[in-house]
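Produce the complete structure using the sequences and hints provided.
For the protein sequence lines, the chains are A and B, in the order given. For the first sequence, position 156 (counting from the first letter as 1) is numbered 151 according to the working numbering, and the numbering increases by one without interruption. Heads up: take any position in the second sequence, counting from 1, add 13, and you land on the working numbering.
Take the hints with a grain of salt, since some may be wrong.
[Stated by the list, open to error] Here are the simulated lysine-lysine pairs, DSSO-like style, with alpha carbons at most 27 Å apart:
{"hint": "1", "chain 1": "A", "residue 1": "105", "chain 2": "B", "residue 2": "24"}
{"hint": "2", "chain 1": "A", "residue 1": "131", "chain 2": "B", "residue 2": "279"}
{"hint": "3", "chain 1": "B", "residue 1": "161", "chain 2": "A", "residue 2": "38"}
{"hint": "4", "chain 1": "A", "residue 1": "7", "chain 2": "B", "residue 2": "122"}
{"hint": "5", "chain 1": "B", "residue 1": "58", "chain 2": "B", "residue 2": "87"}
{"hint": "6", "chain 1": "A", "residue 1": "103", "chain 2": "B", "residue 2": "24"}
Calculated from the structure, these hints are not laboratory results. Nothing here was measured: the structure is a model prediction, and the numbers come from that model.
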Amino acid sequence: MDQEVKGYSTVKLVRYIVCILLCFISIFPFFILIINSTLPSSKIVTGIKLLPGSNFMTNFKNLIEAGNKTSGVNVMQAMWHSLLITVPATILQIYFGSLTAYAVTAYKFKGRNFMWGFIYAIMMIPTQVSVVGFIKVCNLTHLYGTYWPLIIPAIAAPTTVYFMKQYMETGLSLEIIEAARIDGSKEFYTFNKIVLPLLKPAMATQAIFGFVASWNNLYIPSLVLGTERKEMTMPMFVAALKANDKERDWGQIYCGLFVTVLPLLVMYFILSKYIIAGVALGGVKE
Amino acid sequence: MTKKKSVEHGKYGFMFAVPFFLIFFIFQLYPLIYTFYNSLIYTAKNGRNITESFGLGNFKNYVFGNLGGGEIWKALGITIVLWILNFIPQILLSLLLAAWFTDIKYKLKGNGIYKVIMYMPNIITAATIAVLFYSLFDINGPLTLIAKSFGWVGKDGFLYKGWASLIIIAFIQFWMWYGNTMIVLCAGIMGINPSLYEAAMVDGATSKQQFFKITLPLLKPILQYTLVTSAIGGLQMYDIPALFNDGGPVVNGVNSTTTVMMLIKKYTTVGSAQNLGRAASYSIVLFVVTMIISLVFYKITQDKTNDGR
Chain A
-4 MDQEVKGYST VKLVRYIVCI LLCFISIFPF FILIINSTLP SSKIVTGIKL
46 LPGSNFMTNF KNLIEAGNKT SGVNVMQAMW HSLLITVPAT ILQIYFGSLT
96 AYAVTAYKFK GRNFMWGFIY AIMMIPTQVS VVGFIKVCNL THLYGTYWPL
146 IIPAIAAPTT VYFMKQYMET GLSLEIIEAA RIDGSKEFYT FNKIVLPLLK
196 PAMATQAIFG FVASWNNLYI PSLVLGTERK EMTMPMFVAA LKANDKERDW
246 GQIYCGLFVT VLPLLVMYFI LSKYIIAGVA LGGVKE
Chain B
14 MTKKKSVEHG KYGFMFAVPF FLIFFIFQLY PLIYTFYNSL IYTAKNGRNI
64 TESFGLGNFK NYVFGNLGGG EIWKALGITI VLWILNFIPQ ILLSLLLAAW
114 FTDIKYKLKG NGIYKVIMYM PNIITAATIA VLFYSLFDIN GPLTLIAKSF
164 GWVGKDGFLY KGWASLIIIA FIQFWMWYGN TMIVLCAGIM GINPSLYEAA
214 MVDGATSKQQ FFKITLPLLK PILQYTLVTS AIGGLQMYDI PALFNDGGPV
264 VNGVNSTTTV MMLIKKYTTV GSAQNLGRAA SYSIVLFVVT MIISLVFYKI
314 TQDKTNDGR
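Laid out in structure tokens, this is it:
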């Protein structure tokens, strides 16, 4: 018995140590990032510092000035551009994702099963490989260099449709829709005023993931906005940050990274419960 | 009566689905078809003569011929190596952690907090993470300085070494994604009928036996999902390798960490007809390879018996 208790606590101890070590590895780079954003470049290149300095505001000022000078866009403007894309894209994604899921869940019509099978199948298509064609579409529609090609495609997000449909199958009773119909509610009105409010929890989850994906996207924006440096988004700014100078001001670079990480970290720690639950739900797709 | 009614409303269902399909056709399907089409337009330059021909010219010259110098296959090899180097440790560690976090016998306290912290890197912009790690591993970066003081690395640091860059990139990917995979697997394990474990415990099965005989087989569908989505994402890897080391140092005439998506971007950005055909043909290679790999994984992890769930 004694031995078993001993074995029990050793197993637990080992597991705790591994978990704490992994957590340390997850946090450590961000820790250095925060510390270094407050130090002057001359100190950063001498090794790891564990205490913050007082150079943050200077770094930030240099960062803004350097941005304005080299590309005409500073970090705050770049984040604003990202917001201009991400907010409408996220709204379109959850609204039309819900509408499409509602169409194939609540209605019976010819081709419905085909549509659903189609949406299911296209989830697996790698999207970025068709950039050559995507640029072609941008040129044909005269949308190249604008934010529209980064916003409008959010309407067709198969994973959102999939997620919303899963949710509707358990969380939406068709009787309510039938009752609304008897009361004379028009179909579109029923969706907007009765169905959508019922989908709030699922929409919130999808909104978080849609927002993060769009906000972090680098590949497509850097191709579509390629020549329009003035329209640069936040990830493009980060990419440019590294390329800036031969004589690197590390304080400025770390400061720029910190500014781009901060909103995400704040959002994450406020919403982490929902995010973790959302990741779990997304995986149980059987 | 009811049947007629639902058919009558059916037209609304169709109408509601139209925007999705319209946008899908314009911004996803057409680009894919056009990329296929463009890969068949071969532009040859002979001095001042530019000739355009329709056929397999791009594939003959750039993919299988000497014009591309085999760069697509090298990039494909690097992409696959990067994916394997991050995915294998990732799935093993995630499985282990998921087994620990769902273990009833040895309950760990605070596993909610561990999940939150381990998932955190996944939500941060990949571009930012790549530049952050670049800063940490630069010649005067803090981690390089530590490694130097232990004599693990020469005075030139990590970044001029191809293999070191590859391993660091794979590590970053691993570090960003294992939390995600772990949470997905935890959810999968928690979805398994608990009475199976109870019965196994009554029969005296050890935790190890329970894991290999119950958990693992019943987790197959979710492992399949994880494997396929990770392969699709991994083969399109771009942000981390592109920003961490700009394609890596040139070793034996080859950029040591250039992935396929980086090549595609390079030739798409140049934008001349010649380069677009080249980029398109590389895209098709990546598309076909991705489809084959996903299908193979799908088949080999296919669950034939579907009981216990």
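message: With the threshold set at 27 Å, check whether the alpha-carbon distance from residue 105 of chain A to residue 24 of chain B stays at or below it.
response: The hint holds at about 9 Å.
Pair hint outcome, residue 131 of chain A versus residue 279 of chain B [Cα-Cα no greater than 27 Å]: holds (16 Å)
task: Decide if the proposed pair is consistent with the structure: residue 7 of chain A and residue 122 of chain B, CA atoms, cutoff 27 Å inclusive.
output: holds (10 Å)
- prompt: Quick one, are residue 161 of chain B and residue 38 of chain A close enough, alpha carbons at most 27 Å?
  reply: Between residue 161 of chain B and residue 38 of chain A the Cα gap is close to 17 Å, so the pair holds against 27 Å.
message: Hinted pair, alpha-carbon criterion (27 Å max): residue 103 of chain A, residue 24 of chain B. Please report holds or violated.
response: holds (9 Å)
field: 27 Å Cα cutoff - pair residue 58 of chain B, residue 87 of chain B
entry: holds (25 Å)
The earlier numbered hints are all upheld by this structure, with none contradicted.
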